[in-house]
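Number of protein chains: 4
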Amino acid sequence: MKQAKGMKHWIIPDGYIPPTSAGTLLSHESICVLNCSSEEALLKLTIFFEDREPIEDILVVIPGRRTKHVRTSSLAKNGESIPVGVPYAIELISDIPVVVQYSRLDATQAENALMSVMAHPLA
Amino acid sequence: MKQAKGMKHWIIPDGYIPPTSAGTLLSHESICVLNCSSEEALLKLTIFFEDREPIEDILVVIPGRRTKHVRTSSLAKNGESIPVGVPYAIELISDIPVVVQYSRLDATQAENALMSVMAHPLA
Amino acid sequence: MKQAKGMKHWIIPDGYIPPTSAGTLLSHESICVLNCSSEEALLKLTIFFEDREPIEDILVVIPGRRTKHVRTSSLAKNGESIPVGVPYAIELISDIPVVVQYSRLDATQAENALMSVMAHPLA
Amino acid sequence: MKQAKGMKHWIIPDGYIPPTSAGTLLSHESICVLNCSSEEALLKLTIFFEDREPIEDILVVIPGRRTKHVRTSSLAKNGESIPVGVPYAIELISDIPVVVQYSRLDATQAENALMSVMAHPLA
Chain A
32 MKQAKGMKHW IIPDGYIPPT SAGTLLSHES ICVLNCSSEE ALLKLTIFFE DREPIEDILV
92 VIPGRRTKHV RTSSLAKNGE SIPVGVPYAI ELISDIPVVV QYSRLDATQA ENALMSVMAH
152 PLA
Chain B
32 MKQAKGMKHW IIPDGYIPPT SAGTLLSHES ICVLNCSSEE ALLKLTIFFE DREPIEDILV
92 VIPGRRTKHV RTSSLAKNGE SIPVGVPYAI ELISDIPVVV QYSRLDATQA ENALMSVMAH
152 PLA
Chain C
32 MKQAKGMKHW IIPDGYIPPT SAGTLLSHES ICVLNCSSEE ALLKLTIFFE DREPIEDILV
92 VIPGRRTKHV RTSSLAKNGE SIPVGVPYAI ELISDIPVVV QYSRLDATQA ENALMSVMAH
152 PLA
Chain D
32 MKQAKGMKHW IIPDGYIPPT SAGTLLSHES ICVLNCSSEE ALLKLTIFFE DREPIEDILV
92 VIPGRRTKHV RTSSLAKNGE SIPVGVPYAI ELISDIPVVV QYSRLDATQA ENALMSVMAH
152 PLA
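Chains as they are written, first to last, in the numbering used here: chain A, 32 to 154; chain B, 32 to 154; chain C, 32 to 154; chain D, 32 to 154.
Identical copies look the same in the list; a pair holds intra-copy or inter-copy alike.
Below 25 Å or equal to it, Euclidean Cα-Cα: the simulated SDA-like pairs (lysine to any residue) are:
hint, residue 1, residue 2
1, Lys108, Val92
2, Lys33, Glu84
3, Lys36, Pro118
4, Lys36, Asp82
5, Lys108, Leu90
6, Lys33, Pro118
Please keep in mind that the hints were generated in silico from the structure rather than gathered at the bench.
Please model the entire structure based on the sequences and the hints provided.
Quick look at the structure:
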């Protein structure tokens, strides 16, 4: 049995799904999670907006001894997903310690742009 | 009532508003703040320069359970705002814990460039 | 004798070797390690995937008072290396404290894109 | 008198001065330092390489209540400066607490690329 490593509560304030793509790559964001443990990690994500109520408790499972690079466009709760082209923020709570990084590829123009941050660990 | 999460004092040393934009996107910076609490957060920003006195105590309100992606070009105090094309730095003090990320889109050239960091938490 | 500085255990959740390059630069990732100590640092890297078992205990040596910017494409264990174009994650354990940063140059398009993060320190 | 804020010892493992520039912007790196104190901060920088001895104790002064975005190409010690096109790393020790961010603009291609990280704080 391998031990869980990292933190259980992470924040990413700058979320944004670019609305368009040019060139050969697709604009997207990924929430990249590493689960070092032999056990599955169950994540609960809350999505915060500038002008409406949060979408709470979107569930994501990360298998044991695996990473998962979660496309934010794939997240949904009761048929509600994150709209493109609006600023939002992410709160991630895991039942066991994991490590979380956030990256965005913006391909609005033909030539792409990249950014990446470690999520801010709370606990 | 939801609890406040994060830290109350954050620093961003590398501020810079690109003076020009080409292509379809506008060069800009955003200070992205997440307020997980049910209460409003009141931020006080101080802007430091290389060769002049700081602009102190610019106020920004973040509503409860909301994120706000604040354009730095929108910040002003007594009619004074941040000039474009000069290096500066940001100190942010909030009355309740929040989480702060800083991102810049540089569209000086037709194809854009992106960078992002979590602000450095002090307290 | 100079003292070791930093941490011994670091995580990078978002690894990805871009499969193609255009223009004059080559797409690549670097794990940038600084060893401030007068002694050699021995690193053990584990590579985690989305859908297969990890590659464990890839060894890298960082000489004393030196930095090394390790290309991830150069890492191998028993003839197995990291495939291009698949999401993966990195765990790095050093026998003495070091500091670790991860950077990616994506030259899929003629004009390149850059991202960089400090690795997440665990211990 | 305003108080010093931050840390006194910072590490940046991934330094690299791009050797060429195309388009209208110049490739460069900046070490961005914020000194919140009313007193001057005296920085000592050590530059580490992959294959030669470090350049030690390059001095930089940051005036009180000011930021300074230091171009790495401007750093020199006894006539020795950082060569372009080689991987290196930075250790920064300040006599009073400051906050340090590192950013790179790569304009090797006509369209530029950006990356930025907070330096890793040691003490």
